[in-house]
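> With the first letter of the sequence shown counted as 1, position 325 gets the number 325 in our numbering; the numbers rise by one all the way through.
Since the hints were derived computationally from the structure, they do not count as laboratory data.
Warning: the hint list may mix true and false statements.
[Unchecked claim] Distance windows between CB atoms, simulated:
| hint | residue 1 | residue 2 | range |
| --- | --- | --- | --- |
| 1 | R134 | R280 | 28 to 36 Å |
| 2 | L238 | P210 | 44 to 52 Å |
| 3 | R99 | A216 | 47 to 55 Å |
| 4 | S305 | R152 | 45 to 53 Å |
| 5 | R148 | D174 | 17 to 25 Å |
| 6 | A119 | A306 | 48 to 56 Å |
[As the list claims (entries may be wrong)] Derived lysine to aspartate or glutamate pairs resembling EDC-like cross-links, with alpha carbons at most 16 Å apart:
| hint | residue 1 | residue 2 |
| --- | --- | --- |
| 7 | K100 | D118 |
| 8 | K100 | E114 |
| 9 | K150 | E76 |
| 10 | K150 | E164 |
| 11 | K175 | E208 |
| 12 | K175 | D161 |
| 13 | K150 | E208 |
| 14 | K175 | E225 |
| 15 | K175 | E227 |
| 16 | K150 | D161 |
| 17 | K150 | D195 |
| 18 | K175 | D118 |
Quick caveat, the model's predicted, so the values are computed rather than measured.
Note that beta-carbon positions come from the ideal geometry of N, C-alpha and C, so glycine has one too.
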Amino acid sequence: MRADRLVAVLLLMQVRGRVTAAELAAELQVSVATARRDLEALASAGVPVYPQPGRGGGWQLVGGARTDLSGLTASEAQALFLLAGPAAAVSPEARAALRKLLGALPRTFRTDAEAALDATIVDPVRWGERDRPRPAMVDLLQTAVVRRLKVRLTYAGRTGDPAERLVDPWGLIDKDDVWYLLADTGRGRRTFRVDRITRAEPTGLPAERPDDFTLAAAWQEVADEIERRRSRTWATVLVEERFVPVLRDQFGRHCRTDGEAGRGRVRVRVAAPTPLDIARHLAGWGALLDVVEPPAVQRELARISAELAGRYNGDPERQSGQGQAPDQGRAL
């Protein structure tokens, strides 16, 4: 959890006065790039840490040899707790660490810092959904990433039997409450859904990772490719302007307005992987919108309409469950 590391960085700087990104990486068991990003995040949040270039340089708290965390100003302490607070809201360990840091601050700063800690809550559960606990597999894989150990996976893809693979784990991503492992398979970079990993065994073999690798950049490439796949088919629809926000909620980034169409309507472009996927999204709109093109989406909508009409028009027995016995399905 990043909040833990941010606190650890400050505590190390409190003890040592000046540290390098390499020293932090070794101490915290992360990459040098990750340690450097943490230091830059603290600086960007207003915490008075700054780099000193050259031989014998490193990062240190403003004030030279002064290592007392009370060197933080009230606004700087508040910035730190606002930065780390949301992560701490879902991690008891991170919250405990921040509480300890809170005790190291001057008494006059504690009120604002504590208020900042409690100012934001992260609730990862969507409306109408149950809370999904963090998979235990994530902790195992996270340890392998930090210690740079190869992992032997048994992975069940979308089709076919589970396959065993030996991978170099590079990082974990939590995307909309679905966890992914980014790893090298020897045949190139691959992305694995953690919930499809049925077994994982860290080995004693060292894992390799490119020197210029950054997890954020690699994941951005993966995400961009997935979004391209999700927008292979585009359709043009005409809809009243007041309904455009609803379409945007349905199609997300794959919804674009394309000018006025007259009579209070606008032209909107929407996308999905296939014509059927678009038709399924639009079928419930009925006559509230018109699909201009492509014909493939129009045909899918016509097919869905005919299928529903055949199921529900003029057949009372079919509509009531194909003539089931009166007692069938009755609660006992």
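> Hint by hint, note whether the structure agrees.
Now for the hints, and whether the structure bears them out:
| no. | hint | in the structure |
| --- | --- | --- |
| 1 | R134 with R280: 28 to 36 Å | 31 Å, holds |
| 2 | L238 with P210: 44 to 52 Å | 49 Å, holds |
| 3 | R99 with A216: 47 to 55 Å | 29 Å, violated |
| 4 | S305 with R152: 45 to 53 Å | 51 Å, holds |
| 5 | R148 with D174: 17 to 25 Å | 21 Å, holds |
| 6 | A119 with A306: 48 to 56 Å | 55 Å, holds |
| 7 | K100 with D118 | 15 Å, holds |
| 8 | K100 with E114 | 11 Å, holds |
| 9 | K150 with E76 | 40 Å, violated |
| 10 | K150 with E164 | 13 Å, holds |
| 11 | K175 with E208 | 24 Å, violated |
| 12 | K175 with D161 | 25 Å, violated |
| 13 | K150 with E208 | 8 Å, holds |
| 14 | K175 with E225 | 15 Å, holds |
| 15 | K175 with E227 | 13 Å, holds |
| 16 | K150 with D161 | 22 Å, violated |
| 17 | K150 with D195 | 19 Å, violated |
| 18 | K175 with D118 | 25 Å, violated |
Hints 3, 9, 11, 12, 16, 17 and 18, counting from the list given before, are not met by this structure.
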